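Trainee: Listed below are the residues making up each chain.
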Amino acid sequence: MENQDIKILIEKFNSGRLSDKEELALEEMIATGELSLDELHFNQNLEAIPTPEPGKKMDEGFYSMLADEKSKINAKPTLSIIEWWNSIRQSQWQWAYSFVILAIGLIAGYLINKPSSNNISTLTAEVQEMKEMMMLSMLEKQSTTERLKAVSLTSDMPDTSDKVAAALINTLRTDENNNVRMAAIEALAKYTNMPTVRKEIIASIQYQDSPLVQLALAELMVAMEAKEAPDAFRELWEEDNTPKEVQEAIKTKMQQLI
Amino acid sequence: MGLRSFPFEPRIKKVLESIGDNALMLKVKTGELDHLGLLYERYKRPLFGYFYHMNNDKMLAEDLVQAVFMRVIKYKHSFRGDGKFKTWVFHIARNVNTDHHKKHKNYTDDIEDEHNELPEMETGIHAKEEQLTQMERALTMLDKDKRELLTLSKLKSMKYREIGELYDSTESAIKVKVFRAMQALKKQYEALEMTE
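Those sequence lines, one after another, are chains B and G. At position 206 of the first sequence the residue is numbered 365 (the working numbering), and the sequence of numbers has no breaks. At position 142 of the second sequence the residue is numbered 1417 (the working numbering), and the sequence of numbers has no breaks.
No lab work stands behind these hints, which were simulated from the structure alone. Computed from a predicted model, the values in this text were never measured in an experiment. Among the clues, some could well be false.
One-sided excerpt, in silico: chain G residues whose CB lies under 7 angstroms from chain B [to be verified]:
| # | residue |
| --- | --- |
| 1 | Gly1295 |
| 2 | Asp1296 |
| 3 | Ala1298 |
| 4 | Leu1308 |
| 5 | Asp1309 |
| 6 | Phe1323 |
| 7 | Ile1348 |
| 8 | Tyr1350 |
| 9 | Lys1351 |
| 10 | Phe1354 |
| 11 | Thr1362 |
| 12 | Lys1429 |
| 13 | Leu1467 |
Derived DMTMM-like pairs: lysine to aspartate or glutamate, alpha-carbon spacing no greater than 25 angstroms straight-line [unchecked claim]:
| # | chain 1 | residue 1 | chain 2 | residue 2 |
| --- | --- | --- | --- | --- |
| 14 | B | Lys216 | G | Asp1418 |
| 15 | G | Lys1434 | B | Asp399 |
| 16 | G | Lys1319 | G | Glu1307 |
Built from N, CA and C at the ideal position, the CB exists for glycine as well.
Given these sequences and hints, build the entire structure.
Mentor: Following this line, the structure appears as structure tokens:
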């Protein structure tokens, strides 16, 4: 079809005067690529129809589901040594083949990745940040199980982070469940070389009314060699109903610090 | 801290953007599920938009996005990496949408009901907004196939070639179908105008 004829057809389409036969001709040209859909004026600016933003719940649901899936993978039983040995014996050729493939993979991987080691380290950093994000989100949940999971996620984090430490301190001070607080104490153990965190853990003693949490904290104080801890406990007991037996047990532990 | 406000440093963001979807999905396939978070962040809005415009229901759209990623994990072994992740994930999304409505057997009824639930425009509101609401209404009145094509091509900015891969069809055939869907929308829109 001549350019002029195409123009006429487009004009007719745009002004809504196209016959059925001409509409078929137009379809034909679209199919053959003679005419781009962008050249037709539809009046309907579909792109302008607004799409609402998904809610925060969708993110929380996803990251919670991801954490569940990850824990399922981690919980899968491993083969016993005997089963492993038997499986090797049964499939020696497969192992030989796998070994060759692995060797090729390692060499290829090394050659490919060598120039972009920055990307890998950045990716690792990003994975760490994703975990942090997931953990922080889960800590805000109603469910105790979810909050326990959140605290346990920190054990997978190779690097310490101010954000995570702050969240754990907050959990230790304010979480309504003692088990979550105990898990936070355990998780905070690897942050005790950070002076601010150390100070905050000691300060958190005054927020604990559970004997169990106090005992766990006393253990940590000994491990941290926190000389200020006995005073902190004494201050707490002035306005607290901690059973005498527990106080005595903690005092005994504190002897190690004096 | 809100998840969506999570501030990636620009430098990190740039590097992450350069890592392809397929490379990430292949990591997920080997069990490194953390990488799925990045794919989720990339595709949550397009998928949400697809489900929202297909069903006109925000809560349902959020649930179906989650269902998509559950299937991504379940069927990760079937991702070969020779096609685009985008096509693969939208293929799952179409199945999730179809399965949801098969399960509830109420697709047509739901959509018809929702025509009436779309907000009526108050007098005095800008004419352009009124036009958009009318068009949204016209879109929901189209049959499922046409609505899906227009949602994918116009609202979710998929290329005709990509839709062709999704539908296992040719690019030119998709263009013709989009043309027909646009024509149908135009007629529906005009019909609504007449009844107002």
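Trainee: Indicate, hint by hint, whether the structure satisfies it.
Mentor: Results of checking the hints against the structure:
1. Gly1295: 12 angstroms, violated
2. Asp1296: Violated - the Cβ of Asp1296 of chain G stays beyond 7 angstroms from chain B, reaching only about 14 angstroms at its closest.
3. Ala1298: 10 angstroms, violated
4. Leu1308: 5 angstroms, holds
5. Asp1309: 5 angstroms, holds
6. Phe1323: 4 angstroms, holds
7. Ile1348: 5 angstroms, holds
8. Tyr1350: Hint on Tyr1350 of chain G: violated, closest Cβ of chain B at ~13 angstroms, above 7 angstroms.
9. Lys1351: Check failed: Cβ of Lys1351 of chain G comes no nearer than 10 angstroms to chain B, outside 7 angstroms.
10. Phe1354: 16 angstroms, violated
11. Thr1362: With a closest approach of 20 angstroms, the Thr1362 of chain G hint is violated.
12. Lys1429: Given a least distance of 4 angstroms, the restraint on Lys1429 of chain G holds.
13. Leu1467: 12 angstroms, violated
14. B:Lys216 x G:Asp1418: 30 angstroms, violated
15. G:Lys1434 x B:Asp399: 68 angstroms, violated
16. G:Lys1319 x G:Glu1307: Distance ~19 angstroms between Lys1319 of chain G and Glu1307 of chain G Cα, so the pair holds.
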